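Visitor: Each protein sequence line maps, in turn, to chains D and L.
Under this note's numbering, the residue at position 118 of the first sequence is numbered 118, and the numbers go up by one with no gaps.
Under this note's numbering, the residue at position 228 of the second sequence is numbered 228, and the numbers go up by one with no gaps.
Worth double-checking, as some hints may not be accurate.
To be verified - Reference excerpt, derived from the structure (chain D facing chain L, CB under 10 Å, subset only):
| # | residue |
| --- | --- |
| 1 | Thr19 |
| 2 | Leu47 |
| 3 | Thr48 |
| 4 | Met49 |
| 5 | Ile87 |
| 6 | Tyr91 |
| 7 | Tyr92 |
| 8 | His96 |
| 9 | Arg138 |
| 10 | Gln139 |
To be verified - Every beta carbon over 10 Å from chain L, so not counted as near; a handful from chain D, in silico:
| # | residue |
| --- | --- |
| 11 | Val77 |
| 12 | Arg81 |
| 13 | Leu113 |
| 14 | Leu128 |
| 15 | Gln240 |
| 16 | Ser248 |
| 17 | Thr306 |
| 18 | Ala320 |
| 19 | Glu344 |
Since the hints were derived computationally from the structure, they do not count as laboratory data.
It should be emphasised that the depicted structure is a prediction, and the values quoted were computed from it without experimental measurement.
From the three backbone atoms N, C-alpha and C, an ideal C-beta is built for every residue, glycine too.
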Amino acid sequence: MGSDQVQRHLSLNMQKTQTIAVAMSGGVDSSTVAAMLRADGHSVIGLTMQLWNQRRLAGREGMPESVQGRCCSLDDVYDARGVAQAIGIPYYVVNHEERFEREVVRPFVAEYLSGRTPIPCSLCNNHLKFDQLLIVARQIGADTLATGHYAQVEFDDQRGRWLLKRPTDTAKDQTYFLFGLTQEQLTRTIFPLGGMTKPDVRELARKLGLALAEKPDSQEICFVPGGDYKRFLDAYLAEQGESLPDTSGELVTTSGEVVGEHRGIHNFTVGQRKGLGVATGSPLYVIQINGEKGQVVVGNNEDLYTRTLRARRVNLISVADLTEPMRVGVKIRHRHEPAPAMLEKSGEDEVLVTFDEPQRAVTPGQASVFYDGDVVVGGGWII
Amino acid sequence: MRRVYFDNSATTPILPEVLAAMQPYFAEQFGNASSIHHHGQETRAAVERARASVAALLSCRAPEIVFTSGGTEADNLALFGTVNAGDHVVTSTIEHHAVLNSCKHLEDEGCELTYVPVDGSGRVDPDDVRRALRPNTRLISVMMANNETGVLQPVEEIGRIAAEADVYFHTDAVQAAGKLPIDVEKIGCDLLTISGHKIHAPQGVGALYVRKGTKLSPMLFGGRHERSRRAGTENVPGIVALGKAAELAKQGLCRGEDQKLAALRDRLESALLRIESTGVNGAEAPRIPNIVNVYFAGIEGEALVIALDLKGLAVSTGAACSSGAIEPSHVLMAMGASPERARANLRFSLGKQNTDEELDFAIALVPETAARLRELSPTWAKESVRN
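Can you build the whole structure from these sequences, using the hints too?
Guide: Set out below in structure tokens:
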């Protein structure tokens with residue numbers, strides 16, 4: 001999104017103020033956004049959300065003592081503040097810990113305990129980054145929020161709607177996590193990096209004199225250091241004074257034959273091969289997790305393929321409603337190329353996706369996001 | 001941008017006279033106050049003059065003053081210097097973190113702690129202190145004025161209770177010093193903390209009053225400075241500044257500057273209360289003359305602080321955490337506020353240097369800023385619908 005695109009977005013919205021708040025994580029992407037907007041002469045305010053106290057669970061139940069988690073780690077705040085000072089913009093850290101725990105962490109735990117695989121990043125976007133943070137930004141006088149996401153926003157005059165589109169650098173495409181954004185939110189959001197590749201961004205960071213131009217990207221969930229979500233579940237529940245519910249039970253085949261036992265459904269995710277504790281001739285995979293029965297269904301690779309999925313709590317962006325079936329490309333996880341499918345309404349708040357080709361390891365709890373070429377049609381949560 | 005500073009309870013600007021008093025002690029009179037030669041004699045004299053000024057502010061004797069690196073160190077020294085494993089300590093839930101976290105550490109080290117609660121107006125009940133005493137109580141620590149609300153605690157009564165029970169009494173007077181007369185005899189305390197940067201001296205210097213005869217173990221070991229109570233070469237410029245600031249504070253009290261400050265604060269308070277759905281935290285209690293802590297329904301205090309800062313007015317709310325974000329106030333929660341309410345407050349704290357004109361600026365700015373925040377706040381919308 002070049003400088004003129006930013007201008008167009010601002011003028012289209014007829015924002016009351018031209019001040020832009022930048023959500024700064026201390027990473028290269030958001031730092032570059034802040035620096036480039038400032039260099040272009042915009043009035044910019046830097047904001048970092050304090051979402052999770054990394055020290056809270058340190059040392060419990062095998063969690064690492066020294067805190068290495070990302071996102072609002074003190075090191076990241078330090079980096080973000082350093083960038084803000086270097087480029088000369090006001091910078092504030094805002095405390096949204098309580099809401100984050102309520103809207104992201106607790107559902108994360110609940111999903112795993114129900115046998116689903118959650119995506120906290122989408123919830124964080126929906127409830128915090130583009131909701132609470134956007135409110136704070138407006139309250140302090142910035143009617144537009146900019147983030148370092150690789151995505152694009154533009155207004156479609158014909159449809160009279162804001163569109164969310166895939167970025168130029170599809171390898172960095174983050175639209176999968178942004179499917180929940182509403183028109184109201186998109187009106188006030190810009191993604192200045194959407195038209196750039198990651199190498200471009202680092203180059204720009206260097207040109208703008210940012211010391212952290214070479215800082216490595218963070219890939220993990222911000223509140224689960226090292227990606228070990230099982231340890232996190234143990235530590236969090238212990239801290240809450242709750243015990244891990246007993247969801248142990250049987251490992252069964254697709255035909256219902258019992259082939260083993262397991263110690264808890266949260267230890268599994270669809271498509272998983274390791275940790276089944278069952279040795280047979282051919283490799284076994286987790287096909288399905290039955291929360292109520294505490295059963296984990298295992299099978300071979302072919303069993304992982306399905307033709308359809310259903311999704312609920314659907315959010316539509318490029319269209320107002322699905323009045324008739326639509327041809328789309330569908331992503332069933334972040335790292336996935338959109339697969340051709342038919343999308344149709346199948347209930348009050350439910351859609352049915354029928355793929356041209358069977359897809360591997362459709363996972364309840366993940367999102368399915370629908371694309372019309374580069375345009376995000378919308379998305380919903382896989383049931 | 002024009003900047004107005006109403007956060008004097010966080011820190012204060014150094015007064016011109018204080019800065020002038022410090023000046024010679026950087027490059028001209030720089031000697032180590034313990035040196036035998038002329039240079040040391042000069043600075044030794046300056047340190048002792050400052051000690052006398054601080055003693056005069058507290059109505060105690062000069063040898064009873066121990067200079068430290070600030071209020072936090074003085075609080076730590078008072079607690080760790082008097083209490084041993086197995087002892088019991090009585091304190092309150094609204095103390096500054098320098099006292100509270102020291103107490104938590106004492107618990108880890110084998111001491112018993114009682115945290116006496118406060119009522120809705122933020123006051124400790126002396127009877128609660130008395131009832132909390134045990135045979136092994138060594139120390140009571142209750143602050144003189146709370147840093148968030150300004151509420152004054154009944155320290156003289158607590159002093160009497162401590163004397164009767166033959167228990168040490170420490171009071172953190174960091175916020176109270178210079179705002180009202182302090183007489184350690186009248187209060188009956190054995191230990192009292194003050195901090196330089198709250199009374200227009202620089203950051204990095206403070207003092208602990210230690211009543212003669214108090215058994216105090218040092219925390220810092222090294223030279224025999226401060227009568228072997230606090231090792232470390234004296235921070236001469238800082239100590240000179242603290243002495244001058246104490247002198248000016250005492251003069252100011254005699255001239256009624258505290259009343260002037262109270263008048264400014266009261267004017268600000270009335271203006272703020274004219275905004276709808278606001279209230280003063282600690283309204284029913286006596287307070288020091290420079291603080292007003294205001295509750296704004298439907299607003300996150302943090303967002304209001306930021307919005308006001310962007311317009312040039314500096315105030316604060318709650319306690320900052322290490323990332324710079326704000327945590328809900330433990331003081332307000334101790335007064336019975338819910339976590340939401342404990343986040344919806346602003347502390348305005350005035351200083352000697354604030355003017356009527358600056359007050360006008362704030363009085364014009366705050367209502368419109370609060371209104372804008374409320375316009376955009378989902379919690380305010382809910383409240384309005386309910387009413």
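Visitor: A separate judgement is required for each hint: does it hold in the structure or not?
Guide: Going through the hints against the structure:
no.: 1; hint: Thr19; result: 9 Å, holds
no.: 2; hint: Leu47; result: 9 Å, holds
no.: 3; hint: Thr48; result: 8 Å, holds
no.: 4; hint: Met49; result: 8 Å, holds
no.: 5; hint: Ile87; result: 17 Å, violated
no.: 6; hint: Tyr91; result: 9 Å, holds
no.: 7; hint: Tyr92; result: 5 Å, holds
no.: 8; hint: His96; result: 8 Å, holds
no.: 9; hint: Arg138; result: 5 Å, holds
no.: 10; hint: Gln139; result: 5 Å, holds
no.: 11; hint: Val77; result: 5 Å, violated
no.: 12; hint: Arg81; result: 7 Å, violated
no.: 13; hint: Leu113; result: 26 Å, holds
no.: 14; hint: Leu128; result: 13 Å, holds
no.: 15; hint: Gln240; result: 17 Å, holds
no.: 16; hint: Ser248; result: 37 Å, holds
no.: 17; hint: Thr306; result: 40 Å, holds
no.: 18; hint: Ala320; result: 24 Å, holds
no.: 19; hint: Glu344; result: 34 Å, holds
Figure legend: structure checked against the earlier numbered hints; hints not met, in rising order: 5, 11 and 12.
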